[in-house]
Amino acid sequence: MASKLWWLIHKDLVIEYRVRQAWPAMLLLGIIVAVVFNLQMDLLPEQRPAAAGALLWLAILFAGLVAIERTGAAEQQDGCWDGLVLFPLPSSLIYVAKLAVNFIALLALECVLVPLFVVLADIPLLRHAWAMLLVAVLGSLGMAAVGTLVSAMTHGLRQRGAILSLLVLPLLLPVVLAGAEASRLVAVGDVGTQWWRWVQFLGAFAIVFTTLGIVLFGFLVEE
Amino acid sequence: MTNQKSAIQAQRLSKRIGDRRVLREIDLEIAEGECVALTGSNGTGKTTLLRCLSAIARPTSGKVYWFGRPAAADPAQRRLIGMVSHESRLYAHLTLRENLVFAARLFSVADPGERAEQLLKQIGLVSLADRQVGQISRGMGQRLALARALIHDPPILLLDEPFSGLDRSSRDWLARLLHERREQGRTLCFSTHDEQQTGQIADRTLTLSGGFLTGHPVVADQSMEENRHRHAA
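Top line first, the protein sequences correspond to chains L and H.
Start counting the first sequence at 776; every next residue gets the next number (this note's numbering).
Start counting the second sequence at 517; every next residue gets the next number (this note's numbering).
Watch out, some of these pointers could steer you wrong.
What the hints assert, rightly or not - Lysine to aspartate or glutamate pairs mimicking DMTMM-like chemistry, simulated, CA-CA at most 20 Å apart:
no.	chain 1	residue 1	chain 2	residue 2
1	H	Lys637	H	Asp590
2	L	Lys779	H	Asp669
3	L	Lys779	H	Asp627
4	L	Lys779	H	Asp590
5	L	Lys779	H	Glu630
6	H	Lys521	H	Asp543
7	L	Lys779	H	Asp543
8	L	Lys779	L	Asp897
Hints listed in this document are in silico derivations from the structure and should not be mistaken for laboratory results.
Given only the sequences and the hints, what does the whole structure look like? Please build it.
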């Protein structure tokens, strides 16, 4: 089953590499948002970590939506979704594959945005790199889990993009708040109990929505 | 109770799409090795019936069985089915070979590369194997779609208007291939508007009209045997 999961992910990544539709738009939007936010920010050094943490996660949210909206784009043409359904695969495996592709996209986005915020906002987000990495991984997993699930809910709808954004944005608010606060604590060097609580929250959010996706995906995409 | 000799059996199958009742309590049985043609005017539900029989679409009510077991109760059972539809179900940005190898891998075919090569030769597209699907003609795409459906050598093959849009040589090629599948004892069910093809290939013809199936929805072994002999002759 692991090899089938890999081939599902591989297929989506190869298609994205050839089409270059979601990733360049996502990265460009993320960079623009990061640059605009940071150029407009005229704060005292002690105020910067709080503002930069929030702005970082807003940039990830807005740019990440581009990738999330493209979830399953390869299957939306030529009846490929039916082709996928005909394979002897549990629907949960298809969900996990789509989630993994979104997760990889969001991680790639963060690999660009976090160093950009370090440079532009002059905040030491990488002082405790492992702590920032943990926040980024769990935050991305939560975002990808929700995005993939909602993407399945809106599968086949005409106004898919608009409906998807309307549903995803409020659901991801907890991730943005927790990610922002955890990132602020990393920037001020306080990776103690308080930081750990936010990390636990991000982890619990990711587990809950990943489990929901695994359970519900089959019902949501069924004709 | 289901008949173990049936490859496909539908019991009181109904499908509603929106307010429209597309299929109404259809009882259908296709025996193992039988070839059934499904006819009917446009919009009568042939595609919907094939989608329900392949378990892509869930019926509003009623049951579908493959070889006596509820269809797709276990994902592994999907190996029993191959399906070709109007849409190619191929990834336009993967090459012909990549599409087949991908499908072979997900069907756990023993040697995906070798099987893909074998089918590419069979459909006469081996020279275009490394071209992306978006760059080939519709007819070639239809051949490739058929190869993809056959990649795991399914015992049941469902085809939704497989002859439409094909030129004469492609139609002859497809008719030969379907004959070969019949000779190998595979079960076939295809929808068509082409009466000539129906008469040449099918053991039985069923007609969908107003959501009801007419013809001989339940197999009669004797008439099937007679048809076999007729086709063999």
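Please list, smallest to largest, the hint numbers that this structure does not respect. Hints 1, 7 and 8 are the ones this structure does not satisfy, whereas the remaining hints hold.
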